[in-house]
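Number of protein chains: 2
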Amino acid sequence: MQTLKIIKIGGNIINDEKSLALFLDGFAQLASPKILVHGGGKLATELASQMNVGVKMIDGRRITNSNTLDIITMVYAGKINKNIVAKLQAKNCNTIGFSGADGNTIQAVKRPVKTVDYGFVGDIKKVNTTSIQVLLDHDITPVFCAITHDENGQLLNTNADTIASALAIAFANTYAVELYYCFEKNGVLQDINNEDSVIENINTESYQTLLKNGVISDGMLPKLNNCFYAIAHQVQKVCIGKPAMLFNETQKHTTIQK
Amino acid sequence: MQTLKIIKIGGNIINDEKSLALFLDGFAQLASPKILVHGGGKLATELASQMNVGVKMIDGRRITNSNTLDIITMVYAGKINKNIVAKLQAKNCNTIGFSGADGNTIQAVKRPVKTVDYGFVGDIKKVNTTSIQVLLDHDITPVFCAITHDENGQLLNTNADTIASALAIAFANTYAVELYYCFEKNGVLQDINNEDSVIENINTESYQTLLKNGVISDGMLPKLNNCFYAIAHQVQKVCIGKPAMLFNETQKHTTIQK
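Line by line, the protein sequences give chains A and B. Using this note's numbering, you'd call the opening residue of the first sequence number 1 and step up by one each time. Using this note's numbering, you'd call the opening residue of the second sequence number 1 and step up by one each time.
Excised from the complex, chain A in its bound form (with noise of 0.2 angstroms):
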């Protein structure tokens, strides 16, 4: 099978021109096929202050209106998706950019109202690769924002690293998917403090004994699930570290294994 990468970038690489430039520069010189997934970094927050609405945060999620929705929508699809695309043009990498509703790609469902009401985020249901593989067939490279649709007109908020790790799972039976998280980290550490500490390798079993020694952190525990949550579904290869990981094979990174 032939290799195919999803590689996901967060806020942090978004967040600073440098980092940016360099992730992409070197993007556009990784082998096709190959896809691009981006979070949104603090420029969503930016622009919801200068409009003066309110950030609401419950268990340091996001609740999405209507409003916040819009910002997102603006910043994500518009602002960050589009920069990005016209950036990857300019280095002969040629792009598309997505959100789930371009080509009817990630159909999700909006969060059932238990204790809290998280407003317009999507669950996903469904990942549609036709409109995908028609692109990949013909050496066009996609890069997705994190928002979805309901399939009735609704677009919803995802996490970006829902969305990687869907996206590769549902093309695991047509190509040996690789699927990198890019962070501002080397890796999982073992001492937050210490970032020459990586874990190179987290399986199954040490995964737990890292999560009952406390190891891992709360805002790694939804990559982390993701993570296994791919590798139990036919992905190949999952990694998480810096984006020199993917360019360099001396740079540290933790590999998770079944």
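No lab work stands behind these hints, which were simulated from the structure alone.
Label-pair restraints from in silico Cβ distances:
#1 Asp191(B) / Thr129(A): 48 to 56 angstroms
#2 Asp196(A) / Thr130(B): 45 to 53 angstroms
#3 Ser32(A) / Glu184(B): 39 to 47 angstroms
#4 Val113(A) / Lys114(B): 53 to 61 angstroms
#5 Asn65(B) / Ala232(A): 48 to 56 angstroms
#6 Thr45(A) / Lys258(B): 50 to 58 angstroms
#7 Thr129(A) / Asn248(B): 36 to 44 angstroms
#8 Gly54(A) / Lys56(B): 26 to 34 angstroms
#9 Gln236(B) / Ala232(A): 53 to 61 angstroms
#10 Asn152(B) / Leu211(A): 46 to 54 angstroms
#11 Ile192(B) / Glu17(A): 46 to 54 angstroms
#12 Thr129(A) / Gln29(B): 25 to 33 angstroms
#13 Thr45(A) / Lys56(B): 25 to 33 angstroms
#14 Asn52(B) / Val113(A): 32 to 40 angstroms
Below, a list of computed lysine-lysine pairs in the BS3-like style, where the Cα atoms sit at most 25 angstroms apart:
#15 Lys126(B) / Lys91(A)
#16 Lys91(B) / Lys126(A)
#17 Lys185(A) / Lys258(A)
#18 Lys42(B) / Lys185(B)
#19 Lys110(B) / Lys18(A)
#20 Lys91(A) / Lys110(B)
#21 Lys91(B) / Lys110(A)
#22 Lys223(B) / Lys212(B)
#23 Lys91(A) / Lys18(A)
#24 Lys56(B) / Lys42(B)
#25 Lys114(A) / Lys125(A)
#26 Lys223(B) / Lys110(B)
#27 Lys56(B) / Lys110(B)
#28 Lys126(A) / Lys223(A)
#29 Lys223(B) / Lys185(B)
#30 Lys125(A) / Lys91(B)
#31 Lys185(B) / Lys212(B)
#32 Lys91(B) / Lys18(B)
#33 Lys258(A) / Lys223(A)
#34 Lys114(B) / Lys223(B)
#35 Lys110(A) / Lys18(B)
#36 Lys125(B) / Lys91(A)
#37 Lys42(B) / Lys18(B)
#38 Lys237(A) / Lys252(A)
None of the values given here were measured: they were computed from a predicted structure. We treat Cβ as the ideally placed atom computed from N, Cα and C, and that holds for glycine.
Position chain B relative to chain A; hints supplied.
Below, chain B without anything else, positioned relative to chain A:
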């Protein structure tokens, strides 16, 4: 040759939820292949005011500084484009949202500064049909917002009428292209205050007379120039009128002829 319909809708349809819903209902049912091009409407001006970004107009044209370009990118490529895409998906019309950067489709040059510096405004240099053709071949409908790029990573603000005309011309060798400019009036009016005074046909010769007699208002001039440019470049049919002209044969409108 197969017919390709390229339809441009302006701000007045975008601004009114009911008009937009009605238009999208009809558009979804039109036979493929088809391309939608949309303008921006008042949302960009509203956001600029919320963000305290001044709108600077010279001779009725918006000066696009870096903040204004961000706003336009967020509103046109983000909020408006993705909501149209999601709404068309709900009507089983498979669409992908495009700026001119996506698929490297519309390459433009930043307008040279002569007496006025328009800022990040792009004059179209070339339309590259490759990526769009791939989608049309798979029954996917591109939905274009009025943004182009310079192939060096810079997004540019380009008039939506001009984008529609440039796309029509680019496909004129491959399809029998029909170009429809939808706006709030029944067509080009002999008397601007009388909706029944539609001039049903205008050709190059009668256009000169209308210009001489001052029948064509300033606002209509660039639109009509785009129409005549298209019809002079092998576009088979160019019409101006209300969206109803697309769905109802008895709806009066203006047809542009050589």
